[in-house]
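A.B. asks: Start from the sequences and build out the full structure, keeping to the hints where you can.
The listed protein sequences derive, respectively, from chains F and W. Numbering follows the numbering used here, with no gaps: position 61 of the first sequence is 61. Numbering follows the numbering used here, with no gaps: position 117 of the second sequence is 117.
A portion of the hints provided could be inaccurate.
[Said to hold, decoys possible] DSS-like mimics (lysine-lysine), calculated; alpha carbons at most 25 Å apart, straight line:
1) W/Lys6 x W/Lys127
2) W/Lys316 x F/Lys82
3) W/Lys128 x W/Lys117
4) W/Lys117 x W/Lys130
5) F/Lys68 x W/Lys6
6) F/Lys68 x W/Lys8
7) F/Lys82 x W/Lys2
8) W/Lys338 x W/Lys328
9) F/Lys82 x W/Lys6
10) W/Lys302 x W/Lys316
11) F/Lys136 x F/Lys82
12) W/Lys80 x W/Lys128
13) W/Lys130 x W/Lys276
[Unchecked claim] Here are some chain F residues the structure puts well away from chain W; computed CB gaps all over 10 Å:
14) Ala54
15) Met59
16) Tyr80
17) Thr145
Don't read these hints as lab results, they were simulated from the structure. Since we're looking at a predicted model, the values are computed, not measured. Virtual Cβ for every residue (Gly too), placed ideally from N, Cα, C.
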Amino acid sequence: MVNRSNKLILSDVPLFIGGIFLMYLAIVDETLFNFILQNVHQDQITVTIATIIAAATPMFFAVGFVKKTALRRWQTIYYYEKLILNDVFWVLAIILLNMISYVIVVEEGIHQFNIPILAGCVLFSIYLVIHSFKIKQKQFQKEKTLFCRVSFHYHW
Amino acid sequence: MKPEVKRKSQVGIGFAILVFAIIISYFSVEEIDAQEIPQYDIYLVIDVSGSMGTCLDGDWISTCYNVGVTNDSPITFAKKAAIEFVDTFQLDESSNHRIGLAIFHGTQYDPANPISKIIVELDNDSKKLKDGIDTLYPSGGTAMGDGISISTQSLSQNARPDVEKIIVLLSDGVSNMGSEPRLAAGIAKENNVTIFSVGYGDFADVQTLKAVASVTGGKYYDAPTGKDLARTFNEIADVLISPVSHYSSRILILLAIPVLLFIPTIERGFTTMMEKVQDKPVKRNVKKSISKIDVGGSICKKCNHTNRSTSKFCIKCGDTLGGSICKKCNHTNRSTSKFCIKCGDILGGNVR
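C.D. replies: Below you can see the structure in the form of structure tokens.
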């Protein structure tokens, strides 16, 4: 049964923390912003685009993870609701986190101030991969059980 | 409204909010007039280790006892680039900017005491600076951290109060003596110094230079050849005297995303709030509607009270409404009853 309450359950805590971490990236971190501006000519349009990408992308995913965990009863727009139930959402979030990690390691260089961000990105993306595999495994088990029951009834 | 139409309208409203936020963000990126460009106190911190020269008696990999300077030596290109950089700022007595020169290197005989020193203090005298640049001569190891430390110290002591403090750091190798460059950059950050680092050649410690720039909110530049070096220094000058402000407001974008995604919840909350505000008129309407119902309501046969048309029992006496009255005992029974519940007589019929 799908949990519809707004109460945060223990198994959802890592996802919720991940959502808060993505919010932190959107508000404070300038890795993506600097990375974009380093590779393009700086003018009013490019600075605006860099701001939008650097702030909106992590926030987009942050809302999804917080909605999935702590704000289940808060309804989002239909297409977003469909997206966060889909595997694509997980994959895109993992891509974003890995991209930030890549920029930190290869472009910026690791230092004492971006180590927490790098650690957060790596840990959360690993968690997302493991979590999505677990979900897939559960779904497979369910389908298998259902198939066994149906075939049993059909047989008798 | 059909759900499909409602969904599409929500997406439309969401896009409208996002476009509005983007437009505001676009106009918050300010184009600065030439007069409003911030004032800078800049230190050119140049690596003058042996590798910046040319090995005249062998190669760097085996042994090199005689380091000299030729037209192709890295230091020659570094000097040219530094002079062009100084020229870009057009320093004179009325200039808003001041530039200083610092070097770092070390000696293999005493690696514990690297040599990092200020050659020219912060000044707006370009001739003095160019003379200082001309005197640079390569020797010894690389003490990058010390170079950053000494220029940070000078900037924190001598920089003007309201100017931006900048270090332009050039290095072609790995820091092998003196303090750790990343720690020195951390101290620079604490003193509000921004470092722009340039990695020259194939053996530059790119990771460290990137980290050093990133810590302080600066930028790393790659200059593989001598010709690239001058271009890179010009680029740094352009960034500093850029007409576009680096400031941009992201707050609106940050607010727009959750708002546009949670439109249905906001809409529902808004509707509930409006209903609460309009609480009293709603009650009045209810009273009116009851009186309307009363007109066509069921009248109790026992007490003549007018009840709702949907009521089964009288709200006043509790008697069954619309029921069958027993002719024998006058008891009101249910309309579906066939016998009186009191006397047992047959209802609604003249059977007897």
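A.B. asks: Each hint should be assessed against the structure and marked as holding or not.
C.D. replies: Status of each hint after checking the structure:
1. For the suggested pair W/Lys6 and W/Lys127, the alpha carbons sit about 71 Å apart, so the restraint of at most 25 Å is broken.
2. Our distance criterion of 25 Å between C-alpha atoms is broken by W/Lys316 and F/Lys82, whose separation comes to about 54 Å.
3. Of the supplied pair hints, the one linking W/Lys128 and W/Lys117 holds, its CA atoms being roughly 16 Å apart against a limit of 25 Å.
4. Restraint check: the Cα-Cα separation between W/Lys117 and W/Lys130 comes to about 17 Å, which is no more than 25 Å; the hinted pair holds.
5. In summary, the hint linking F/Lys68 to W/Lys6 is supported, as the alpha carbons are separated by about 23 Å, within the 25 Å threshold.
6. A hinted pair counts as satisfied when its Cα atoms are at most 25 Å apart, and F/Lys68 with W/Lys8 qualifies at roughly 23 Å.
7. Under the criterion of a C-alpha separation no larger than 25 Å, the hint pairing F/Lys82 with W/Lys2 is consistent with the structure, at around 18 Å.
8. Of the pairs offered as hints, the one joining W/Lys338 and W/Lys328 holds, with about 14 Å between alpha carbons and a cut-off of 25 Å not exceeded.
9. Straight-line distance between C-alpha atoms of F/Lys82 and W/Lys6 comes to about 16 Å, which keeps the hinted pair within the 25 Å bound.
10. Of the pairs offered as hints, the one joining W/Lys302 and W/Lys316 holds, with about 10 Å between alpha carbons and a cut-off of 25 Å not exceeded.
11. The straight-line distance between the Cα atoms of F/Lys136 and F/Lys82 is roughly 17 Å, inside the 25 Å bound, and the hint therefore holds.
12. At most 25 Å may separate the alpha-carbon atoms for a hinted pair to count; W/Lys80 and W/Lys128 meet this at roughly 15 Å.
13. With a C-alpha separation of about 76 Å, the suggested pairing of W/Lys130 with W/Lys276 is violated against the 25 Å cut-off.
14. The beta carbon of F/Ala54 is not kept farther than 10 Å from every beta carbon of chain W, the shortest such distance being approximately 7 Å.
15. Its beta-carbon lying about 4 Å from the closest one in chain W, F/Met59 breaks the requirement of being farther than 10 Å from that chain.
16. Distance check on F/Tyr80: its Cβ comes as close as 5 Å (rounded) to a Cβ of chain W, failing to clear the 10 Å threshold; non-interface status is violated.
17. A cut-off of 10 Å between C-beta atoms confirms that F/Thr145 is not in contact with chain W; the least separation is 34 Å.
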